[in-house]
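Let's have the full structure, built from the sequences with the hints guiding it.
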Amino acid sequence: MNAKEFERQYTVATVLAGMREDIFLGKYKNRQSISEAEIAKKYGVSRSSVRAAFQELISDGLLEMKDNGRKELRTIDKKYIEDLCLTRSILECEACRLIINKKNNDFTKLLHIVGGFYSALQEEDRDKRRLLLVELNESFHDQIFQMTENISLIQCRRTIAPMLSTIVHFNASLDPDMNEHGNYESHNKIAQMLMDKNPEVIEFMGYHVQDAAMKDLLRVLEHAQSEECERK
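Position 113 of the sequence shown, counting from 1, maps to 113 under the UniProt record's numbering, and the rest follow consecutively.
Keep in mind that a hint or two might mislead.
Pairs of lysine-lysine, PhoX-like flavour, derived with a Cα cap of 20 Å [what the hints assert, rightly or not]:
hint, residue 1, residue 2
1, K29, K71
2, K78, K29
3, K27, K78
4, K29, K66
5, K42, K27
6, K78, K215
7, K27, K79
8, K78, K42
Restraint-style ranges between C-beta atoms, simulated for each label pair [stated by the list, open to error]:
hint, residue 1, residue 2, range
9, D83, G115, 29 to 37 Å
10, E185, K42, 39 to 47 Å
11, K103, R51, 26 to 34 Å
Quick caveat, the hints were computed from the structure, so don't treat them as lab data.
Note that the Cβ used here is the ideal one computed from N, Cα and C, for glycine as well.
Written as structure tokens, this is what we have:
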């Protein structure tokens, strides 16, 4: 990748991150009309960069292109979170099923990530510790998909991963009651069950990524949007 292309991708990522944050915080109304020109002006970037960011938002389900060319934003609400967690649960449970049914698996990378959770918990700086835990969590679940060697399943994961990452980072930064120590225990349990080819890992993963995670995400959504309302 040359310098020009890297700069373009960085610009698109910056616009995308900013818009996802604003949508998450409720700074836009549901079905609010938005244009490439106004976002380009807001971020001081080209309309082509904004257009690329809009395509990602369409994939997120946060932007809809109407037949007349009008672009409407969608807000992140309880149903959006529930649908996102349900989809994630279906995908990750299937990933676990594929892994335990494979004859040979290499757990080296997965176990290395699990060890990273334990090491990260020793970090004294809270903000740095939580950032490490979030990054390790993403790496752990991504590695599970990589282990399936199922290209289509991996692609499905990549489609929802950016929005999940955005919300989870908010969770880590806004929720003072985040259960940090549960990270090591739960991920270690998943790894051990996968190595043992224990079919109960499918049910446990379903709980891990849907029920437990959804409660955390809904709590941080309410917290983030209520703070934004107070600032207004």
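Right, here's what the structure says about each hint:
no.: 1; hint: K29 to K71; in the structure: holds (13 Å)
no.: 2; hint: K78 to K29; in the structure: holds (15 Å)
no.: 3; hint: K27 to K78; in the structure: holds (16 Å)
no.: 4; hint: K29 to K66; in the structure: holds (17 Å)
no.: 5; hint: K42 to K27; in the structure: holds (14 Å)
no.: 6; hint: K78 to K215; in the structure: holds (10 Å)
no.: 7; hint: K27 to K79; in the structure: holds (18 Å)
no.: 8; hint: K78 to K42; in the structure: violated (28 Å)
no.: 9; hint: D83 to G115: 29 to 37 Å; in the structure: holds (33 Å)
no.: 10; hint: E185 to K42: 39 to 47 Å; in the structure: holds (43 Å)
no.: 11; hint: K103 to R51: 26 to 34 Å; in the structure: violated (46 Å)
Of the numbered hints given earlier, the model fails hints 8, 11; all others are met.
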